[in-house]
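Chain B: place on chain A using the hints.
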Amino acid sequence: MAAALTIQDLGKTYKGGVTALKGVNLEVAEGDFFGLLGPNGAGKTTLIGILSSLVNKSAGSVSIFGHDLGSDTAAAKACIGLVPQEFNFNMFEPPIEIVANQAGYYGIERSEAFRRAEQKLRKLDLWDKRQVMSRTLSGGMKRRLMIARALVNEPKLLILDEPTAGVDIEIRRSMWKFLREINDAGTTIILTTHYLEEAESLCRNIAIIDKGELIENTSTRKLLNSLKKETFVLDLEAPLAELPQLKTHKLKRVDDQTVEADICRDDPINTLFTELNAHGIKVLSMRNKTNRLEELFMNLVENGNGNGAIT
Amino acid sequence: MNTGEKLIALKAIVTKEILRFSRIWIQTVLPPVITTALYFIIFGNLIGPRIGEMDGFGYMEFIIPGLIMMAVITNSYANVVSSFYGSKFQRHIEEMLISPVPNYIILIGYVSGGVARGLTVGVAVTVVSLVFHPLNIHSLWVMFSMIILTAILFSLAGLINGVYAKSFDDISIIPTFVLTPLTYLGGIFYSISMLPEFWQQLSLANPILYMVNAFRYGFLGVSDISLLTSYAISIGFIIALYVFSLYLLRKGHGIRT
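Note that the protein sequences, when read in sequence, are chains A and B.
First residue of the first sequence: 1, per our numbering; consecutive thereafter.
First residue of the second sequence: 1001, per our numbering; consecutive thereafter.
Here chain A stands alone, though its shape is the one from the complex:
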């Protein structure tokens, strides 16, 4: 499959001497739903800034659907739609104008621009708000407005920088559904997010960036398979007088009716229940203590590179 994005030896050093990116190499396949994760200040937004021409690179090259961003700039830019982290539209313009004007900047004729603006605003449940001043929209509506704007030129590559930050769970889920739909329709998506559940749920491939360097770049499935141990929280039917000593698993008391159990990936989970049964302990429910990807992410970032043991 052709590459939607090819990044080679990309570097960025800001005027003050801060190096945000150190020779990043990355390839995103066409049609992928790609997650770019990393702690605050890792270089994610700088990387996205370079892809969207808002940040000048210091070294390396970027190619978007085969168009070099440095030499074939207009063609490369025409392939991209960007949903930035912070609101960056005119708060004193109505949504319909914001979206239609954006289409105009891509050379889309005015009547077609308004047709597409209507289509995108309807799709994102903003049509009723098309004529209000944008500053009066709620946070979730403002996020959806930026998605509508990013889609109006029908980009082949959609870049979303924390698109669901600050929106409630219902809107977040509906945005996930929408993003899956446009990805299924063929749009390549690059997503950065702090909600690791979001990345786990949406992304087929994930790269983790830390201190300006890629420390992991693999499929979500492989990444999750590399997790060797998970901690589960068990809600018990009756209070425990004493914590039983199990042969295969170590239990930790949370409160009288709740315990935590570490389960290694290679151990069958049945043995835990067999042993608990033997001690007359009945389990009402069980859940992961943390999101699996979150656990991996913390391991990788704390180890500082991709080679650290994932436990």
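Please keep in mind that the hints were generated in silico from the structure rather than gathered at the bench.
Note that the structure is predicted; figures quoted are calculated from it, not measured.
Don't be surprised by glycine CBs; every beta carbon is placed ideally from N, CA and C.
Please note that a few of the clues may not be correct.
Claimed, not checked - Output of the computed footprint for chain B on chain A, the stretches with three or more beta carbons under 8 Å from beta carbons of chain B: (1) 49 to 59; (2) 72 to 82; (3) 106 to 118.
As the list claims (entries may be wrong) - Cut-off 27 Å, straight-line C-alpha distance, at most; resulting in silico cross-link-like pairs (DSS-like, lysine-lysine): (4) Lys142/A to Lys1088/B; (5) Lys142/A to Lys1166/B; (6) Lys1011/B to Lys129/A; (7) Lys123/A to Lys177/A; (8) Lys247/A to Lys289/A.
Chain B alone, transformed into the frame defined by chain A:
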């Protein structure tokens, strides 16, 4: 982008700019009209008759072109500096920067918005002036060409100010401390022939003097400066400011990191 697409992008920017100042006409169009009407009443109607003639014309007739020009200068400048800085401040300049629209189209778009506001206010002030004195037109071509060139020049200057501005203070410093004094000393209210030799020579360093005089020539047929010099200075400034503005946009000064 092909030429047709570039023109569509330009139209989108110009439309956006015109809608911006039209939407807030009470802040953008009305105040200069009221201010200029007050100049007409105070300087033209009340004080003017005591001053007598200036270059062979009644004082009211003499100051009308200068006051129209002053409104055009301040409004074309103000439109671009506030719009461009506002787009930086709210970061919606990024809408254009991520798109394939070339820098020169962005530049022409903003300048066209400034020219549109300058001319809108200029026409409104001219209409108000008719209440006080009938319009005297010596050369419509000179009048029209000079007002367009002036609006372009000060729109470009406003854009450069907007590029460099880092706070709202920065967009008012140049208009207050540079533009207003130069405009008032640019021969709006007097002919420089009235000044002592030294001040006459110093006035020649003020570019606004050339524009005001050429514009006045379009109305009255008299000027302190040769028409050719006025055109040469105006066009020279426009070329220099255009090249510099484009350089700033290409470099991404203040808009790209």
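For this structure, which hints from the list above don't hold up?
-> none
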